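Chemist: Just so you know, the sequences run in chain order G and X. 124 is the number that this note's numbering gives to position 124 of the first sequence; each next residue is one higher, with no gaps. 397 is the number that this note's numbering gives to position 7 of the second sequence; each next residue is one higher, with no gaps.
Don't read these hints as lab results, they were simulated from the structure. Check before you lean on any hint, since a few could be wrong.
[To be verified] Output of the computed footprint for chain X on chain G, the stretches with three or more beta carbons under 8 Å from beta carbons of chain X:
1) 41-51
2) 131-144
3) 257-268
[Claimed, not checked] Derived Cβ-Cβ restraints for the label pairs, each shown as a range:
4) G:103 <-> X:433: 19 to 27 Å
5) X:462 <-> G:382: 54 to 62 Å
6) X:462 <-> G:128: 53 to 61 Å
7) G:375 <-> X:433: 50 to 58 Å
8) G:137 <-> X:456: 49 to 57 Å
9) X:435 <-> G:258: 33 to 41 Å
Note that the coordinates shown come from a computational prediction; the quantities given were computed from them, not determined experimentally. No residue lacks a Cβ here, since even glycine has one placed at the ideal position from N, Cα and C.
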Amino acid sequence: MSKSWEEINARIASGDAVVLTAEEFADLAADEGVKSAASKVDVVTTGTFGPMCSSGAFFNFGHSDPPIKMQQITLNDVPASGGLAAVDTYLGVTEPSLSKGIEYGGAHVIEDLLRGKAVRLKAIGPGTDCYPRTEIETWIHLEDLNQAYFFNPRNAYQNYAVAVNSSDRTLYTYMGTLLARFGNATFCSAGALSPLLNDPTYRTIGVGTRCFVAGAPGYVAWEGTQHNPNQNRDDAGVPTAPAGTIAVIADLKKAKPEFFSAATMTNYGVSSFVGIGIPIPVLDEDIAATLALTDADLKATILDYAVASRSRPSLGQVTYQQLRSGTIEVEGKKVPAGPISSLAVARKIAAELKVWVAEGRFAIAPPLELLPQPGTQGFKPLEIRSEEAI
Amino acid sequence: MARRRLDLTFPPRQATQPITYHLVKDFDLTPNILRAQIQPGQEGRMLVEVVGPKEAIDAGVEFLHKEGVLVHPAASDICLEEETCVTCGLCTAVCKPRALALEAETMALVFDKDKCVYCEACVVACPRRAITLTF
């Protein structure tokens, strides 16, 4: 049994496509077998909603009169890049406010814009012949901007670590508060609903793939930063630790605040919950077999965040089913486990995307270019070198 | 009878004194320890609810001050703003009494206030700042 992209698209266009979420597809495959599920279903939708620090947006403010070449740009006192053309900027979600620190950052500015709030723009300029103004202070709304689009260099990590803390003190990390002496464990993946865990070798998700980004239709723009297809994989070929990533682009004006939420990780910094969903065509039984995997099949690696090193020792593996039960075992000790990404919102995203596809609003297309495949590249460290050693 | 929730911080040198013993024997108070972390030579913290006549509680608090224990009134209520919450579940990872939990089927956040010991761990952990205390 195999279906072509064109056949599936024709069924989407005519409104006859059978679309299920990854959880629904796994249930069907459990009842009827993978072969039967593969022949019945055309598209499976996925979703995830977790903190994704490598996110941000490009803005073009339009020109004031007289115009200014903006530098030292701030939005609600959060610095944005002045390193682009006169009135273009990039605001990263992790940038903290100059006055409020990590309690308000780039992510909060973007959420405020999405909620229709006015944001205070300040900048200075060098004063040139073509851009004579030397300072500006005004208020902007999202609708006032010429362009406002997400460009998130790394989203939807394919699997992630389970974080624990063996030390004697509480650690405040991007994985949340980690209590001393294995007091808790946190994890960050939608598991069986996660986009890239459902396409473990990037057969259908690649450059140009249409996807759901924070409520807006968007695209996979490129491989994400730190994309590491060479990560350890299980017998089904699914990574058991952080592996592939995607860079995504989407119109911020079409995004919704329920799928983009600012976050402050205490004593760590600012981040943002970003909703990502990707439809996966059921091309053949091979892809159906990975779409049918459940939380009981998918594993993550436990890492000790008390080791302040880029290579933390592994303390074993657990399945997402064990993590979802609320208790895992680490070094022979029962440890309470909690997620930092919302499965409830991930389900909402997969369900919303299902409607988009089923109603013919969201055609699928083969990748214009595949993401780097397993065996092609790994994850390089940064070595600290002196000038003399070069 | 009055009831008051106290958040006690013990400087390292006081951490081995039998404070609760004195609250019972000398002031006739009924202490209910909600949460405690006391280790020799380290700063300790205890969240305790005391029940007794108002004057006795005031005298007990005075005694604690004299012993060098820092006494803060503990939160009287804790509030989860559902509109701000994104149900990430991070608070459930720090909630020792499991007052905050994700409902197994829907993954919705459920807050059982009866189990809460007002330790404030969730207030600090919540990335949305959706959990607040009132005093």
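Chemist: Against this structure, judge whether each hint is valid.
Modeler: Hint-by-hint comparison with the structure:
Requiring three or more residues with a Cβ within less than 8 Å of a Cβ of chain X, the coverage given for the region 41-51 of chain G holds, as 3 such residues are present. Interface restraint, the region 131-144 of chain G with chain X: violated (0 residues with C-beta to C-beta distance below 8 Å; minimum three). Check result for the region 257-268 of chain G against chain X: holds, 6 residues qualifying (beta carbon to beta carbon below 8 Å, three or more required). With their beta carbons about 26 Å apart, residue 103 of chain G and residue 433 of chain X fall inside the hinted range of 19 to 27 Å.
The hinted window of 54 to 62 Å between residue 462 of chain X and residue 382 of chain G is violated, with their beta carbons roughly 45 Å apart. For residue 462 of chain X and residue 128 of chain G, the Cβ-Cβ distance of about 57 Å falls inside the hinted range of 53 to 61 Å, so the restraint holds. One distance hint, 50 to 58 Å for the beta-carbon pair residue 375 of chain G and residue 433 of chain X, holds here, with the actual separation near 53 Å. Checking the proposed 49 to 57 Å range against residue 137 of chain G and residue 456 of chain X shows it holds: the Cβ atoms sit about 55 Å from each other.
Under the hint 33 to 41 Å, the C-beta atoms of residue 435 of chain X and residue 258 of chain G, about 38 Å apart, fit the expected range.
In summary, the structure is inconsistent with hints 2, 5 from the numbered list given earlier, while agreeing with the others.
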